[in-house]
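Visitor: Residues per chain are reported as follows:
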Amino acid sequence: MSTLAPASYRFSDQFYAGARACIPVCISVAAYGVVWGVLARGAGLSLFEVILMSGLVFAGSAQFVALDLWTATPSSLPIGPLILAALIVNLRYLLLTATLRPLFRPDQQLKGALMMGIVSDETWAMTVGEMSKGRGTIGFLLGGGVLAYCVWMATTVTGHVLGSAIDDPTKYGLDFAFTATFLALLLGMWKGKGDLVPWIVAALVAIVSAKYIEGSWYILIGGIVGSLAGAIAERLRHAH
Amino acid sequence: MLTSPEALLAIFGMALVTFAVKAGGLLLANRLPREGFAASWLRHIPGAVLASLVAPALVTGSAAEVIAAAVTGLVFVVSRNLFAAMASGVLAVFLARLVL
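The listed protein sequences derive, respectively, from chains A and B. Per this note's numbering, residue 1 is the first one in the first sequence, and the count goes up by one each step. Per this note's numbering, residue 1001 is the first one in the second sequence, and the count goes up by one each step.
It cannot be assumed that every hint is accurate.
As the list claims (entries may be wrong) - Which stretches of chain A does chain B cover? Using the computed rule of at least three CB atoms under 8 Å from a CB of chain B, they are: (1) 96-102; (2) 107-120; (3) 134-142; (4) 183-193; (5) 196-208.
Simulated from the structure, these hints should not be mistaken for lab results. Ideal Cβ placement from N, Cα and C applies to all residues, glycine included.
Take the sequences, apply the hints, and build the full model.
Guide: Here it is as structure tokens:
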């Protein structure tokens, strides 16, 4: 009757495992961080504003969209549209963090909700990949999250300081790091034919949405329709 | 000048709505039943979201991206190593863009 958890489930071990596992995705975070920092300087954000936005908002795509709206003169800053844009661009997180529920016991709701601030697309994807293999813990999520947060802060500041020295990550193929990582993560999640329906439906719906609807709605639309298709297919199979 | 009150307001507002959406997803999920249709729906979200993230980039990309995606997939299936797959994908797109 030992109350000790198995060694591999110790929080610190899981934290380091999460950070280590997230190194590949943090490379693409770093590439985008530098680009965002460079563009932010161009859009007129001060170094302090870069630190504040990366540190508090911590959402790459929302920060990119904000640069389109940002003005160097404070009196013309569109505060309402900036906040609304952040809300719309980040709506997909409703789907992402919902899938992290199994990590938290029912009595850990508040703790879990507070931790969600550090979730990003990349570390979410790594954590659900781990969960699909029957692993994945709060420590793993936090390890990857803290690493990604530090990398984002460091690289956006670096971009702002470097200015125009690095302007084009496509030159080195770094823009493909995001797609490559998420493609590999998706393949790693394959559990059998039950995944075929949700994945194909999601892909097709996302392709059509991306073509006709501006912005990042395609992630939300494809994610909702595809996962519902998967659930319906599952129910139909069990009905027979 | 470090920043303006307007910029502070905008950044704090953006931070607040971003956190609300992230925390909201988890809290809403906690109100859904843990078995049956809702649970099965939640279980399918990760794959569907990843497929939605990847698919448009591949069909709108040039031949270089399609080749690189094939290389990425192949390396991952053979090695089961995420970093190797990502690195070969980046290298493949870099080389393919030079050649094509």
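Visitor: Run every hint past the structure and note whether it holds.
Guide: Results for each hint:
Remark: the stretch 96-102 of chain A is confirmed as covered by chain B, as 6 of its residues place a Cβ nearer than 8 Å to a Cβ of that chain, reaching the required three. Residue count for the stretch 107-120 of chain A with a Cβ under 8 Å from a Cβ of chain B: 7. That meets the three needed, and the coverage hint holds. Note: the stretch 134-142 of chain A has 0 residues with beta-carbon separation from chain B under 8 Å; the three-residue rule is not met and the coverage is violated. With 7 residues bearing a CB less than 8 Å from a CB of chain B, the stretch 183-193 of chain A meets the requirement of three and the coverage assertion stands.
Coverage of the stretch 196-208 of chain A by chain B holds [criterion: at least 3 residues with CB-CB distance below 8 Å; count 10].
In terms of the numbered hints stated before, the structure departs from hint 3 and from no other.
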